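Number of protein chains: 2
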Amino acid sequence: MSEQHEDRAQDHVEDSLKQVMEIIARHRLVESLVHKQDMPRHELVETLVHKQNLSELAHKLDELHPADVAYILEALPPEDRIMVWDLVKSERDGEILLEVSDAVRESLIATMDNRELVAAAAGLDTDEIADLAADLPKDVVQELMESLDEAKRAQVASSLSYDEESVGALMDYDFVTIRADVTLEVALRYLRRLGDLPSHTDKLFVVDRDEVLIGTLPLKRLLIHDQDAHVAAVMSDDPVVFHPSDPGTDAAQAFERYDLVSAPIVDAKGKLVGRLTVDVVMDFIRAEAEEDMLQAAGLREEEDLFSTVWKAAKNRWLWLGINLCTALFASRVVGAFEGSIEKLAALAALMPIVAGMGGNSGSQTLTLMVRGMALNLISKENYKRLLVKELGIALLNGVVWGSMMGLVTYFLYQNTDLALVMSGAMLLSLIVAAFAGFIAPLAIVRMGHDPAFGAHVLLTFITDSMGFLIFLGLATFFLL
Amino acid sequence: MSEQHEDRAQDHVEDSLKQVMEIIARHRLVESLVHKQDMPRHELVETLVHKQNLSELAHKLDELHPADVAYILEALPPEDRIMVWDLVKSERDGEILLEVSDAVRESLIATMDNRELVAAAAGLDTDEIADLAADLPKDVVQELMESLDEAKRAQVASSLSYDEESVGALMDYDFVTIRADVTLEVALRYLRRLGDLPSHTDKLFVVDRDEVLIGTLPLKRLLIHDQDAHVAAVMSDDPVVFHPSDPGTDAAQAFERYDLVSAPIVDAKGKLVGRLTVDVVMDFIRAEAEEDMLQAAGLREEEDLFSTVWKAAKNRWLWLGINLCTALFASRVVGAFEGSIEKLAALAALMPIVAGMGGNSGSQTLTLMVRGMALNLISKENYKRLLVKELGIALLNGVVWGSMMGLVTYFLYQNTDLALVMSGAMLLSLIVAAFAGFIAPLAIVRMGHDPAFGAHVLLTFITDSMGFLIFLGLATFFLL
Chain U
15 MSEQHEDRAQ
25 DHVEDSLKQV
35 MEIIARHRLV
45 ESLVHKQDMP
55 RHELVETLVH
65 KQNLSELAHK
75 LDELHPADVA
85 YILEALPPED
95 RIMVWDLVKS
105 ERDGEILLEV
115 SDAVRESLIA
125 TMDNRELVAA
135 AAGLDTDEIA
145 DLAADLPKDV
155 VQELMESLDE
165 AKRAQVASSL
175 SYDEESVGAL
185 MDYDFVTIRA
195 DVTLEVALRY
205 LRRLGDLPSH
215 TDKLFVVDRD
225 EVLIGTLPLK
235 RLLIHDQDAH
245 VAAVMSDDPV
255 VFHPSDPGTD
265 AAQAFERYDL
275 VSAPIVDAKG
285 KLVGRLTVDV
295 VMDFIRAEAE
305 EDMLQAAGLR
315 EEEDLFSTVW
325 KAAKNRWLWL
335 GINLCTALFA
345 SRVVGAFEGS
355 IEKLAALAAL
365 MPIVAGMGGN
375 SGSQTLTLMV
385 RGMALNLISK
395 ENYKRLLVKE
405 LGIALLNGVV
415 WGSMMGLVTY
425 FLYQNTDLAL
435 VMSGAMLLSL
445 IVAAFAGFIA
455 PLAIVRMGHD
465 PAFGAHVLLT
475 FITDSMGFLI
485 FLGLATFFLL
Chain Y
15 MSEQHEDRAQ
25 DHVEDSLKQV
35 MEIIARHRLV
45 ESLVHKQDMP
55 RHELVETLVH
65 KQNLSELAHK
75 LDELHPADVA
85 YILEALPPED
95 RIMVWDLVKS
105 ERDGEILLEV
115 SDAVRESLIA
125 TMDNRELVAA
135 AAGLDTDEIA
145 DLAADLPKDV
155 VQELMESLDE
165 AKRAQVASSL
175 SYDEESVGAL
185 MDYDFVTIRA
195 DVTLEVALRY
205 LRRLGDLPSH
215 TDKLFVVDRD
225 EVLIGTLPLK
235 RLLIHDQDAH
245 VAAVMSDDPV
255 VFHPSDPGTD
265 AAQAFERYDL
275 VSAPIVDAKG
285 KLVGRLTVDV
295 VMDFIRAEAE
305 EDMLQAAGLR
315 EEEDLFSTVW
325 KAAKNRWLWL
335 GINLCTALFA
345 SRVVGAFEGS
355 IEKLAALAAL
365 MPIVAGMGGN
375 SGSQTLTLMV
385 RGMALNLISK
395 ENYKRLLVKE
405 LGIALLNGVV
415 WGSMMGLVTY
425 FLYQNTDLAL
435 VMSGAMLLSL
445 IVAAFAGFIA
455 PLAIVRMGHD
465 PAFGAHVLLT
475 FITDSMGFLI
485 FLGLATFFLL
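Chains U and Y supply the protein sequences, listed in that same order.
Count along the first sequence starting at 1, add 14, and that's the number in our numbering.
Count along the second sequence starting at 1, add 14, and that's the number in our numbering.
Hints are computed from structural coordinates only; laboratory data are not their basis.
One or more of the hints may lead you astray.
One copy or any two copies: either way a pair holds, since identical chains are not told apart in the list.
Computed list of lysine to any residue pairs in SDA-like fashion (alpha-carbon distance at most 25 Å, straight line) [as the list claims (entries may be wrong)]: (1) 325 - 401; (2) 394 - 39; (3) 103 - 252; (4) 328 - 414; (5) 357 - 194; (6) 285 - 393; (7) 394 - 46; (8) 328 - 399; (9) 357 - 487.
Bear in mind that the values here come from a model prediction, so they are computed numbers and not experimental data.
Assemble the whole structure, with the sequences as input and the hints as a guide.
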């Protein structure tokens, strides 16, 4: 699998999708022609053209990298997707299932029986089996575990025992170890005897008799140094190491910061237990960024582009429901001032501007806070300073945009008092919004969640309700 | 630089920041004590304690990886940041400038004179000089270019000529080439003679007499195969290659898809011109994700956490201004119905709910579209199907949430007609929102921008204005 990609040019991926779609279209055309002529279905299957199309398609799929087949499956609507999936050689099922998104994986697994699933997973590495296990039916996992030898079963079980966001869940067990007291020549001979190296091997792990990690030997040094030198003299003896319980995000930051390709993972006693590689880290970073993006938009999880309406709606209801509640609350704030609005309907036209500007500037503060927290830049020592800065910006913005809206309001309604109330309300609600954008992610972290989780909903709740309250309250007090 | 990180454990980064902050605090304490005693400033500099603190700090900084110094600089407020920056050994300035964010880089460069800047940049690789050049004063760039030899100058000039988002801007010129007709033994001897390999070298590039790329030789194969074999027999002859003009996002997808560590870059004639490595790709992915996040929140660019209020405000004004315009437009829509609102103030309380739900469900559709477009999953063949699905979900949501809001409205106001108008308006505005969320990113791409660019502003503009128009329009028509 690791070699395959090197013989594949990436320009071809989109072309491949087009070709697959064309073959499918031809296939569907034949089907519909046959259907019109009322040919019985079993005769259709016998049709020469039909067979040709399918074998051309199967051949095309065989040529593609698993990740490219995955891409094609993602881009096809359900019935075409299942047709293509059935044409994929069963020994490739496992690696392709690993490449597709969770939502599409579910739809593919649903078309397979237990025997097929066990066969698909059995060909994978233990860390890959663990990745897949979460989406497999329980009896399939059980059957699969029974088919593994004891060492592998222990590896799968240990992978499954770690938190999904931890280094333990990302590690693999595919690494090459070597002793410190051998020469580089011996090391090279050993590698040649192995006949293959795990993908992303840029260093060997140097361990002692008890499998305790004592250093790493970059392949680079192995290649360049005198072959008579000992590993101990050439190795790096203070490498970046991780523990299985480390948060994945910390490991991702270390990979970015130190430009790592692979790194050893050790247990509390320093014993080597696994390896983390840059490809897995990159997938993790992408998945985390995507999750943040989906959450910010109020989607519970990744959604198959072609999922059914019903399934998609369920994915979206939680946040729409929460949003309805917060909107209802803001609506009741306005409701409390219905008397004022009856007297001066202009208030109804102006109030969304106050709430909207608060929401937008609050979200600017919020985003910088979330970014700063993700990068560990915000500490006890500096957060007060940041709050002062954000409040300062809010004050400046309040004066600038408040004055401007005051002028606009005067221009629209020729009412000086209303214009002054508008200016004041803008100023106050921008300050409240800055405070809310600053405090919301901190509060959410205090509650034990990721700072991005629901922060925007909480912010909008505050800026809407407070924006309406401030504007309508000031108006009622000063104008009526 | 490439070796350094291997001797550094990542757990220490945050501890280092704390230690640095402690030393600075001690230093500031001495300063303030001295200040209170009215000791002249030149005597302070002579103070023993003062000197000790600074030398301890400088020593601490020398020990740290450039990326860790960069992290500390990001986390410190301006005056402390400049103090730390002055203590960094000048030969390390260049690599640290590369690691900090654009905003902080600007603040550091502002404290350096031309001579220091030229010295800092001169020690870097040509691709790194090109990265830095955008932020340097023009005369510094000129002086720098003159100090380079012809080959390097050409490389910098060519790096600068490519679009910032293209593979050309990401490539480096640090790679090892080899001929196909030599044996692996010769190749190994050649590497040993080189004495060092560029970082992230997982393969050698096999070229012919005219520097045309004919294959790649993974180090793995070099290590494992018989030393008497020829490179031609062992190499991979159809590797993934890129062109300097390829979009960076395509290359990033290929790196993720095929789990690459490095890849050759060739010109139109197939001649090897550069190399792309996974660490640069990972930084690119992170930067793109960050840019999307900042844009979604209405921030023009990355902002130094400790920038001045004035500078930060300017970063935020463009989007706040645009938001004010769209909010003003929505406000005029409401303004057109002021007569209706005077008669029935409940309309003012209910209208934000309609607009808010539209905005939220539209943003769900928008986010899935942007994601699908980023992954090239949306094509001429399937976009109609997606539109139908999104409209289907909107219909379902409209019925569900519309009925619910109808009931709530009846409960609040005991007005059946108002409840029916509320239900109908919710249904219609959710459908409009789905359509807007679907069309907005397509329209923005048609205008030549990134789909995420301003899509949310456009969406909110439509959902707010249309939400108000639909609800108040229906109410005016049926109730008054």
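Quick rundown of the hints versus the structure:
1. 325 - 401: Cα proximity of residue 325 and residue 401: across copies only (16 Å, versus 42 Å in one copy).
2. 394 - 39: between (61 Å within a copy, 13 Å between copies)
3. 103 - 252: between (45 Å within a copy, 23 Å between copies)
4. 328 - 414: For residue 328 and residue 414, only the inter-copy Cα distance (12 Å) is at most 25 Å; the intra-copy one is 43 Å.
5. 357 - 194: neither (87 Å within a copy, 88 Å between copies)
6. 285 - 393: Neither: 33 Å inside a copy, 50 Å across copies.
7. 394 - 46: between (69 Å within a copy, 21 Å between copies)
8. 328 - 399: between (43 Å within a copy, 19 Å between copies)
9. 357 - 487: Answer is both: 14 Å inside a copy and 21 Å across each meet the 25 Å cutoff.
Going through the hint list in order, the structure does not satisfy hints 5 and 6.
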